[in-house]
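**Q** I would like the entire structure built from these sequences, with the hints used as guidance.
Going by the working numbering, the sequence shown opens with residue 19, and the numbers climb by one from there.
Think of the hints as simulated: they come from the structure by calculation, not from any bench. Possibly wrong hints are sitting among the right ones.
[Unchecked claim] Computed beta-carbon distance windows for the label pairs:
1) LEU125 <-> LEU175: 34 to 44 angstroms
2) ASP174 <-> ALA124: 20 to 30 angstroms
3) GLY129 <-> SER149: 15 to 25 angstroms
4) GLN131 <-> ILE106: 34 to 44 angstroms
5) GLN131 <-> ARG45: 28 to 38 angstroms
6) GLN126 <-> ASP174: 39 to 49 angstroms
Keep in mind it's a predicted model, so treat the numbers as computed, not measured. The C-beta atom is built at its ideal place from N, Cα and C for all residues, glycine as well.
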Amino acid sequence: MIGKNVPPSRVPGPPSWVPAGFKLRHRFEGEPSGGFHGAGNDQVTFLHSRLGKAEDNSFPLMVFVASAPGQQLDGTQGQAGTQVSLGILGKIGTYHDGMWYVDGAALQSVGLQRAKQWRTDQVHSLTIHESDRTVGIRARRDVALKDLIQIARSLDLG
Numbered sequence: 019m020i021g022k023n024v025p026p027s028r029v030p031g032p033p034s035w036v037p038a039g040f041k042l043r044h045r046f047e048g049e050p051s052g053g054f055h056g057a058g059n060d061q062v063t064f065l066h067s068r069l070g071k072a073e074d075n076s077f078p079l080m081v082f083v084a085s086a087p088g089q090q091l092d093g094t095q096g097q098a099g100t101q102v103s104l105g106i107l108g109k110i111g112t113y114h115d116g117m118w119y120v121d122g123a124a125l126q127s128v129g130l131q132r133a134k135q136w137r138t139d140q141v142h143s144l145t146i147h148e149s150d151r152t153v154g155i156r157a158r159r160d161v162a163l164k165d166l167i168q169i170a171r172s173l174d175l176g
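**A** So, in structure tokens, the structure goes:
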């Protein structure tokens, strides 16, 4: 569980700002958080959604925090992102305009590498690397990049 080897001041809480209509629905801790493959139990995820928005069931607004630096947000591994300023004294995030998907129908006939597709039509994300942790924010495309940045700014970035 996150916090075991993390100073109390760095144990993450949910973002203090999310876009209008979103509410915190669940907090996942440890490996089931699913944000950073390889971070093990030292991660937490905050799941936000809008009531009545069926699309949010598949692609909710998620904020991932791992107490391991240098992690890659699941679904973005190996894909170059774009550096964006967070507007906080030199803080930079890496923006990804999509996510890797596997075409299940093609998987058996062409193999994983050829069945893997980078899709930009459903989600995008922002990853922030700090000296002692990694933060990832993923949301549907109807949540603007400026909102991903505002969510990041509302976290306690060191």
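**Q** For every hint, state whether the structure bears it out.
**A** Against the structure, the hints come out as follows:
In this structure the hint that LEU125 and LEU175 lie 34 to 44 angstroms apart at CB holds, the actual value being about 38 angstroms. In this structure the hint that ASP174 and ALA124 lie 20 to 30 angstroms apart at CB is violated, the actual value being about 43 angstroms. At about 38 angstroms, the beta-carbon gap between GLY129 and SER149 misses the expected band of 15 to 25 angstroms. As the Cβ distance of GLN131 to ILE106 is approximately 38 angstroms, the hint placing it in 34 to 44 angstroms holds.
Judged by the Cβ atoms, the range 28 to 38 angstroms given for GLN131 and ARG45 holds: they are separated by roughly 35 angstroms. A hinted range of 39 to 49 angstroms for the beta carbons of GLN126 and ASP174 is consistent with their spacing of about 46 angstroms.
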